[in-house]
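Visitor: Here are the chains, one letter per residue:
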Amino acid sequence: MNMSFREKSIWISLISTLLIFGDYFLNVIALANLSEAVAKTTALELSIRAFVLIIIVEIIFQTVLALNNHKAANLGADERDKLFEYKGNNFGYTVLVIGVLLTLGRMVSLEISPEFIEQFKVLNIPFLTAHILLFSFILSEVVRFSAQLYYYRRCD
Amino acid sequence: MINLATLPIKNKIRELRFFADEMTQQELAELVGVTRQTIMAIEKCKYSPTLEVAFKIAEIFGQSIDEVFQYQSV
Numbered sequence: 393m394n395m396s397f398r399e400k401s402i403w404i405s406l407i408s409t410l411l412i413f414g415d416y417f418l419n420v421i422a423l424a425n426l427s428e429a430v431a432k433t434t435a436l437e438l439s440i441r442a443f444v445l446i447i448i449v450e451i452i453f454q455t456v457l458a459l460n461n462h463k464a465a466n467l468g469a470d471e472r473d474k475l476f477e478y479k480g481n482n483f484g485y486t487v488l489v490i491g492v493l494l495t496l497g498r499m500v501s502l503e504i505s506p507e508f509i510e511q512f513k514v515l516n517i518p519f520l521t522a523h524i525l526l527f528s529f530i531l532s533e534v535v536r537f538s539a540q541l542y543y544y545r546r547c548d
Numbered sequence: 026m027i028n029l030a031t032l033p034i035k036n037k038i039r040e041l042r043f044f045a046d047e048m049t050q051q052e053l054a055e056l057v058g059v060t061r062q063t064i065m066a067i068e069k070c071k072y073s074p075t076l077e078v079a080f081k082i083a084e085i086f087g088q089s090i091d092e093v094f095q096y097q098s099v
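Going line by line, the protein sequences match chains A and B. Numbers given in my numbering equal positions in the first sequence, counted from 1, plus 392. Numbers given in my numbering equal positions in the second sequence, counted from 1, plus 25.
Bound conformation, chain B alone (with noise of 0.2 Å):
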């Protein structure tokens, strides 16, 4: 079973926003397709989105989705 609390995928979404006119999650949740809560679960890492919402948010801030996503191995 998938570990909610420890997922080895972090991300910049929050920083990327920031320098996105301080987009707000709400705004993001809506271009890509899925409520603010799960943009809210991505932020934090509690979360992994599936490849397509990955390469959504990727080319919305304009980034490759490595840019956005890192694997951390633990």
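In isolation and in its complexed conformation, chain A is listed as follows (with noise of 0.2 Å):
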């Protein structure tokens, strides 16, 4: 397969997202079987080690390429790159518009009927508004990665 620097970049973000955010969203719908104060105190534990782990697994591995193609990191992205990062962009900024659309309708819900989150009990998630507007960004991203790399596929 013949990938540019470009390209394996992108498949190292799109890799360590899906691994260490999967993760984290598994975990965290686990959190509504646990106590009111130990969910809380999980969640956050969760999310500091996910955003710290994503941080050195980037510094790390995108190092690592940089130095193994000095010559391509120093060009940057060219025409091309930047053709298929826009239109990687315009995706991705669609799916995180529809999340924070879905997130407002939520909160104006329950603003307007409370006993809407007895219903679902099983949603009962510490910090639940903020972990959706996580989602809807990290999924966000993932469509942005994907999309990017189907144009790069694409046009080998």
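Keep in mind the hints are simulated off the structure, nothing from the lab. Owing to the predicted nature of the structure, the values given are computational and were not obtained by experimental measurement.
Sample of chain A residues at the chain B side, in silico, Cβ under 7 Å:
| hint | residue |
| --- | --- |
| 1 | GLU471 |
| 2 | ARG472 |
| 3 | CYS547 |
Below, in silico cross-link-like pairs of lysine-lysine (DSS-like), each with a Cα-Cα straight-line distance of 25 Å or less:
| hint | chain 1 | residue 1 | chain 2 | residue 2 |
| --- | --- | --- | --- | --- |
| 4 | B | LYS81 | B | LYS69 |
| 5 | A | LYS400 | B | LYS71 |
| 6 | A | LYS474 | B | LYS71 |
| 7 | B | LYS37 | B | LYS69 |
| 8 | B | LYS35 | A | LYS474 |
| 9 | B | LYS71 | B | LYS35 |
| 10 | A | LYS400 | A | LYS463 |
| 11 | A | LYS463 | A | LYS474 |
| 12 | B | LYS35 | B | LYS69 |
| 13 | A | LYS479 | B | LYS35 |
| 14 | A | LYS474 | B | LYS69 |
| 15 | B | LYS71 | B | LYS81 |
| 16 | A | LYS400 | A | LYS479 |
| 17 | B | LYS81 | B | LYS37 |
| 18 | A | LYS400 | B | LYS69 |
| 19 | B | LYS35 | B | LYS81 |
| 20 | A | LYS463 | B | LYS81 |
| 21 | A | LYS474 | B | LYS81 |
| 22 | B | LYS71 | A | LYS479 |
| 23 | B | LYS71 | B | LYS37 |
| 24 | B | LYS69 | A | LYS479 |
| 25 | A | LYS400 | A | LYS474 |
Think of the CB as a built atom: it goes at the ideal place given N, C-alpha and C, for glycine as much as any other residue.
Starting from two chains that each stand alone, build the complex the way the hints lay out.
Guide: Given below as structure tokens:
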């Protein structure tokens, strides 16, 4: 497979995001079974762990990639990379906007009828609004990376 | 949306590279300031370059832009 430096870099970001935040969201869903106090502490710990981990993993792998391809790393993004980045951003932004609108809809629904939450005890996860927003953001990132990779593969 | 698989702009970069002392894709990419993968995509007609890159490629081979790139209407 003939991949450019930028494409390899996107693969690293996509895989690390899927693994780290996939694990994070699976653990967050399991919080619904815990007591409120324990769930809150665990949710914070999980968030900190996921963010620290993604930063470390990205720094290590992107540095190794840049060291092995220093010429391409210095060249930066060319016009084709920028075009695919722009197209990927469009898809990612759409997903993010949908996520934000759904979150707003949920918040307004709860303001109008607070008893609504009682019917969905299974979703009794601490910081649920923040998690839905974070999920929207991560999903938008995954869509953005995937769209860029789709164009790279299609154009190869 | 642009259909990347069937672009109407054809080119003879491969032929021009051959007659330029068998210039490699990497050498051309470095002269133009793009990646080798971009040159490869242009050669295979899977990516249409911007006017700036098209002019640079033509200039490197000492040709006019319409001698390097041809628009073939579908």
